[in-house]
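Which chain is which? The protein sequence lines are E and U, in order.
Throughout the first sequence, residue numbering follows the numbering used here, covering 1 to 500 in sequence.
Throughout the second sequence, residue numbering follows the numbering used here, covering 1 to 500 in sequence.
Check the hints yourself; a few may be wrong.
To give a feel for the contact side, a few chain E residues facing chain U, derived at Cβ under 8 angstroms [claimed, not checked]:
#	residue
1	34
2	175
3	252
4	454
Lysine to aspartate or glutamate pairs mimicking EDC-like chemistry, simulated, CA-CA at most 20 angstroms apart [claimed, not checked]:
#	chain 1	residue 1	chain 2	residue 2
5	U	37	E	328
6	E	203	E	334
7	E	45	U	8
8	U	45	E	334
9	E	56	U	479
10	U	176	U	484
11	E	45	U	253
12	E	462	E	446
13	U	37	E	231
14	U	203	E	207
15	E	14	U	48
16	U	436	U	479
17	U	45	E	450
18	E	90	E	48
19	E	45	U	479
20	E	13	U	484
21	E	203	U	62
22	E	13	U	207
23	E	37	U	484
24	E	45	E	61
25	U	45	E	225
The hints are simulated quantities; they were obtained by calculation from the structure and are not laboratory data.
Backbone N, C-alpha and C fix where the C-beta goes; we use that ideal spot for every residue, glycine too.
There are 2 protein chains.
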Amino acid sequence: MELTKALELFNEKKRISMAYNHAFGVMSYDNETAAPKNSSIGLAKTFEVLSELAYKLTVNEEYFEVIDVLMEHIDELDPITRREAELAEKGLRMMRKIPMEEYTSYQGLLMEAHTAWVDAKLSDDYSLFEPYLKKIIAFHKRVAELCDPSMDPYDFWLNEYEKGLNTEILDKFFGKVREALVPLIKKVVEKGEIFRTDFMNEKCPIELQRQLSDYIMEVMHINREDCSIGETEHPFTTHFNKHDVRITTHYHEDSVVSNMYSVIHEGGHALYELNTGDDLIGTTIAAGTSMSIHESQSRFYENIIGRSEAFCELIFPKIKELFPVQFDGVNAHDFYLAVNKAEPSLIRTEADELTYSLHIMVRYELEKRMMSGELTTEQLPSEWNRLYKEYLGIDVPNNRQGMLQDSHWSGGMIGYFPSYALGSAYGAQIVHSMKKDLDVEKLVRENRIDIITAWLTEKIYKYGMLLRPAEVLKNACGEDFDPDYYINYLTEKMTSIYSL
Amino acid sequence: MELTKALELFNEKKRISMAYNHAFGVMSYDNETAAPKNSSIGLAKTFEVLSELAYKLTVNEEYFEVIDVLMEHIDELDPITRREAELAEKGLRMMRKIPMEEYTSYQGLLMEAHTAWVDAKLSDDYSLFEPYLKKIIAFHKRVAELCDPSMDPYDFWLNEYEKGLNTEILDKFFGKVREALVPLIKKVVEKGEIFRTDFMNEKCPIELQRQLSDYIMEVMHINREDCSIGETEHPFTTHFNKHDVRITTHYHEDSVVSNMYSVIHEGGHALYELNTGDDLIGTTIAAGTSMSIHESQSRFYENIIGRSEAFCELIFPKIKELFPVQFDGVNAHDFYLAVNKAEPSLIRTEADELTYSLHIMVRYELEKRMMSGELTTEQLPSEWNRLYKEYLGIDVPNNRQGMLQDSHWSGGMIGYFPSYALGSAYGAQIVHSMKKDLDVEKLVRENRIDIITAWLTEKIYKYGMLLRPAEVLKNACGEDFDPDYYINYLTEKMTSIYSL
Chain E
1 MELTKALELF
11 NEKKRISMAY
21 NHAFGVMSYD
31 NETAAPKNSS
41 IGLAKTFEVL
51 SELAYKLTVN
61 EEYFEVIDVL
71 MEHIDELDPI
81 TRREAELAEK
91 GLRMMRKIPM
101 EEYTSYQGLL
111 MEAHTAWVDA
121 KLSDDYSLFE
131 PYLKKIIAFH
141 KRVAELCDPS
151 MDPYDFWLNE
161 YEKGLNTEIL
171 DKFFGKVREA
181 LVPLIKKVVE
191 KGEIFRTDFM
201 NEKCPIELQR
211 QLSDYIMEVM
221 HINREDCSIG
231 ETEHPFTTHF
241 NKHDVRITTH
251 YHEDSVVSNM
261 YSVIHEGGHA
271 LYELNTGDDL
281 IGTTIAAGTS
291 MSIHESQSRF
301 YENIIGRSEA
311 FCELIFPKIK
321 ELFPVQFDGV
331 NAHDFYLAVN
341 KAEPSLIRTE
351 ADELTYSLHI
361 MVRYELEKRM
371 MSGELTTEQL
381 PSEWNRLYKE
391 YLGIDVPNNR
401 QGMLQDSHWS
411 GGMIGYFPSY
421 ALGSAYGAQI
431 VHSMKKDLDV
441 EKLVRENRID
451 IITAWLTEKI
461 YKYGMLLRPA
471 EVLKNACGED
481 FDPDYYINYL
491 TEKMTSIYSL
Chain U
1 MELTKALELF
11 NEKKRISMAY
21 NHAFGVMSYD
31 NETAAPKNSS
41 IGLAKTFEVL
51 SELAYKLTVN
61 EEYFEVIDVL
71 MEHIDELDPI
81 TRREAELAEK
91 GLRMMRKIPM
101 EEYTSYQGLL
111 MEAHTAWVDA
121 KLSDDYSLFE
131 PYLKKIIAFH
141 KRVAELCDPS
151 MDPYDFWLNE
161 YEKGLNTEIL
171 DKFFGKVREA
181 LVPLIKKVVE
191 KGEIFRTDFM
201 NEKCPIELQR
211 QLSDYIMEVM
221 HINREDCSIG
231 ETEHPFTTHF
241 NKHDVRITTH
251 YHEDSVVSNM
261 YSVIHEGGHA
271 LYELNTGDDL
281 IGTTIAAGTS
291 MSIHESQSRF
301 YENIIGRSEA
311 FCELIFPKIK
321 ELFPVQFDGV
331 NAHDFYLAVN
341 KAEPSLIRTE
351 ADELTYSLHI
361 MVRYELEKRM
371 MSGELTTEQL
381 PSEWNRLYKE
391 YLGIDVPNNR
401 QGMLQDSHWS
411 GGMIGYFPSY
421 ALGSAYGAQI
431 VHSMKKDLDV
441 EKLVRENRID
451 IITAWLTEKI
461 YKYGMLLRPA
471 EVLKNACGED
481 FDPDYYINYL
491 TEKMTSIYSL
């Protein structure tokens, strides 16, 4: 096949598969936001039909040839098409290696595993989920073996989520973080309650919390004509193109802060997607480059900006205006201290900045050992509980609040968790670099987060997936990843807040 | 081609095209409800791609042969497949005549037209929408000409929405209605203000109005797991299957009645879709059979039920509970009279039962003349205003409250409006027949609207599109359409309310 012909077919398939993805995306979003409960019956049927069409579109000999031709001529392609082709090849590589029946039966397994996990969590009965987890782990080992027998299976999956990532890097990273944070947490715990947090669970009407969300979006300079806020059980961000980004939040009447930081976190994800380059519009690479770079942005806005004293001072007048009774006698500094309270806890998604990475480390250790065969799925609960005691110093009362809390494993996401911790660490390194160019604190105080976003756009966002994660980091920071920035950031912040 | 082969291909194509329609439906619904404004840019692109795929799926020689074979063997098919095949043939008849680029670019045009209409309405600037309307009218003429050059283009579209309908029938129907209603309206206007309506525009918080919507859905016995309420500029109902129906409403703080009757009206549409037969699930005929039969149901629930004294008595305690200050000193009878106030007004969707059909007649006249070329889109606003003066005796102050008020034209619905007036007339004939079997008033008072719905399900809903509009009416009433029931119903009701 000629290169011209291959490119033509590639573009045609791309156009169609992007349309399918758009449809899948909107239908999934609708299902989680607006749809009545029984919508899912018809949706499953439609997804089956559309997935089959999408599968047939690229998993066929003609398209394999298209990809082979593009790979042969990879250096002749323009940078955008080159990345699109590389990513298409990567996506297809796995599909070409896995026998069709194994692939489809795994898809079926995941559906059942999700239901089993929900049941197991609700009834606090891990035995309902354990057989599925065993099969999911086995499938991950098998795929790694089929795709690249030379690689360690867990490294294979880490590398899938974050190009270049492996256990060697992570062991070093987590080792260093643990060494620094465990004693810091110990000191914080010993300090006890040194500031007020009593106002944190006052009842705040949801209608007014919605107004706060709108205000937060304004402060983040997010154009609402390109980005909506929906309401779901678990907040998330999804996007269909740079002019159509959706964040969601969840309102708790007795925790105004929960929604507020959900909006800031998801707003961070949104800003990344809203600011990919115009030159990438209509391509498959107009999106964040990896989950950890994405999390670095959401957690940057949520924690480094959103939990800074400058930000608390900026927004506190609005909080007082909306909730004068609830925050009576509270000032911005009280609020700043309260939103930074550090305390070992059971649930990852509710963990504070300081202890968050330890939750990730537990999951990383367990995944690594399950993938190496050192740990069986039967042994998982007791190991989970042992590590929570060791790392966080707390006792896990049941599996529901323990190893059944997250949906990731039931969804077949093995090797994904480290992204969250890496993201936090990247964020600290990025802001260190940013501070060479910008007076970040002053900008926040002056309600100019748009200038911060403009810096990030120039260094990170505009590239979309054109740069790989490590390249993005180097481009933003001028150096390779260094976890010391993260450790220093947390140490300084906690030392100040807790007067250590 | 063998019949067996034709049926196999027919079912396969049907499966795929229903999946596309589901995707189109959800994406359109999302676009009107949750999506940020600029979503439509990317959506237009995706719709273009998917419409092209949907088009290619059925507009090809192989499928033409499938349809031809099914038509040859039409009497051998089971009743459901027969109707599916007949409707597929009808749908294809048009597609076989329209060139593909024209079809897909029209789909894109509609997306843009919707946004332009919203902008035009919000800014009261018809010039933003006029160029799109011009193209929409041109497309309708073109399609009519391509499909059946022997037919008058407007008749062609009337017949599309309601089998057998044409301007001759409508001129006669509207003539008769106008002849009876205009003097009746005159008498009512001369009577002046004979009952209180001062409480109708009290401010009612939207959060509480949402609770009223939930209550109305309960009273209508609509299962919320199958039917959601969204919020849009213009209320509508859409459905993807009988377990996934969406109604929308619009809240006005100073008109609790506006939302209330929107919910009842759309709830009526919803009940039709929610009660199509289980034997039709997964077929292309699990839907209301025509727009006017659909409107007969929505307007039956809205007016004949919703504006009856029995219904007002049933729900008024809830209104008092939610809005005690706003309805202080008002009783159910006051409320009943107020919601039946007849008065020539500007907005169709807020018009009373008596004057409603005159709003439709204005639109009918204008569509007819635009389609004949007698009226240009530029002349539309002044003609609209002239007819409102002539038929309803009122001055239209701006286009926002004038010819920009409805979304139909921006959605490419030319020939649709008459359905509303026909629907109202059908409804009066249907309830006349229903009363032979049921004590309708008593059932409403006893909160048993479900029994009324069960009667309608048995006579109308369960058939979906299996019966044609005229057959449905005959099945429900035992006779052909007769507008006298409508004229009598309105005359009696208004005579009683206004003591004429």
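Going down the list of hints, with the structure as the test:
A least Cβ separation of about 6 angstroms between residue 34 (chain E) and chain U falls short of the 8 angstroms threshold, and the interface hint therefore holds. Annotation: residue 175 (chain E) was flagged as interfacial toward chain U, and the flag is violated, the nearest CB pair being 44 angstroms apart, outside 8 angstroms. Interface hint status for residue 252 (chain E): violated, as the beta-carbon distance to the closest one in chain U is roughly 17 angstroms, over 8 angstroms. With its C-beta approaching chain U no nearer than about 20 angstroms, residue 454 (chain E) sits outside the 8 angstroms limit, and its interface hint is violated.
Under the criterion of a C-alpha separation no larger than 20 angstroms, the hint pairing residue 37 (chain U) with residue 328 (chain E) is inconsistent with the structure, at around 38 angstroms. This hinted pair checks out: residue 203 (chain E) and residue 334 (chain E) have alpha carbons roughly 18 angstroms apart, not beyond 20 angstroms. For the given pair, residue 45 (chain E) sits about 18 angstroms from residue 8 (chain U) by alpha-carbon distance, which is consistent with the 20 angstroms threshold. Pair hint residue 45 (chain U) plus residue 334 (chain E) does not hold up; C-alpha atoms about 50 angstroms apart against a cutoff of 20 angstroms.
Annotation: proposed proximity of residue 56 (chain E) to residue 479 (chain U) is violated, straight-line Cα distance about 53 angstroms (limit 20 angstroms). At most 20 angstroms may separate the alpha-carbon atoms for a hinted pair to count; residue 176 (chain U) and residue 484 (chain U) meet this at roughly 9 angstroms. For the hint linking residue 45 (chain E) to residue 253 (chain U), the alpha-carbon distance of about 40 angstroms lies beyond 20 angstroms, and the restraint is violated. For the hint linking residue 462 (chain E) to residue 446 (chain E), the alpha-carbon distance of about 25 angstroms lies beyond 20 angstroms, and the restraint is violated.
Restraint check for residue 37 (chain U) and residue 231 (chain E): satisfied, since their Cα atoms lie roughly 18 angstroms apart, inside the 20 angstroms limit. Proposed proximity of residue 203 (chain U) and residue 207 (chain E) is supported: the alpha carbons are some 17 angstroms apart, at most 20 angstroms. With a C-alpha separation of about 14 angstroms, the suggested pair residue 14 (chain E) and residue 48 (chain U) falls inside the 20 angstroms cut-off, and the hint holds. Proposed proximity of residue 436 (chain U) and residue 479 (chain U) is supported: the alpha carbons are some 14 angstroms apart, at most 20 angstroms.
Only pairs whose Cα atoms come within 20 angstroms are accepted, and residue 45 (chain U) paired with residue 450 (chain E) is rejected, the gap being roughly 29 angstroms. Distance check on the hinted pair: residue 90 (chain E) and residue 48 (chain E) sit about 23 angstroms apart at the alpha-carbon level, beyond 20 angstroms; violated. A hinted pair counts as satisfied when its Cα atoms are at most 20 angstroms apart, and residue 45 (chain E) with residue 479 (chain U) does not qualify at roughly 40 angstroms. About 59 angstroms separates the Cα atoms of residue 13 (chain E) and residue 484 (chain U), which puts this hinted pair outside 20 angstroms; it is violated.
A threshold of 20 angstroms between alpha carbons decides the hint, and for residue 203 (chain E) with residue 62 (chain U) the separation of about 64 angstroms lies outside it, so the pair is violated. With a C-alpha separation of about 47 angstroms, the suggested pair residue 13 (chain E) and residue 207 (chain U) falls outside the 20 angstroms cut-off, and the hint is violated. Using a Cα cut-off of 20 angstroms, the hinted pair residue 37 (chain E) and residue 484 (chain U) is violated, with the two alpha carbons roughly 43 angstroms apart. Annotation: proposed proximity of residue 45 (chain E) to residue 61 (chain E) is violated, straight-line Cα distance about 27 angstroms (limit 20 angstroms).
For the hint pairing residue 45 (chain U) with residue 225 (chain E), the CA-to-CA distance comes to about 18 angstroms; that is within 20 angstroms, so the pair holds.
The structure does not agree with the numbered hints 2, 3, 4, 5, 8, 9, 11, 12, 17, 18, 19, 20, 21, 22, 23, 24 stated previously, though it agrees with the rest.
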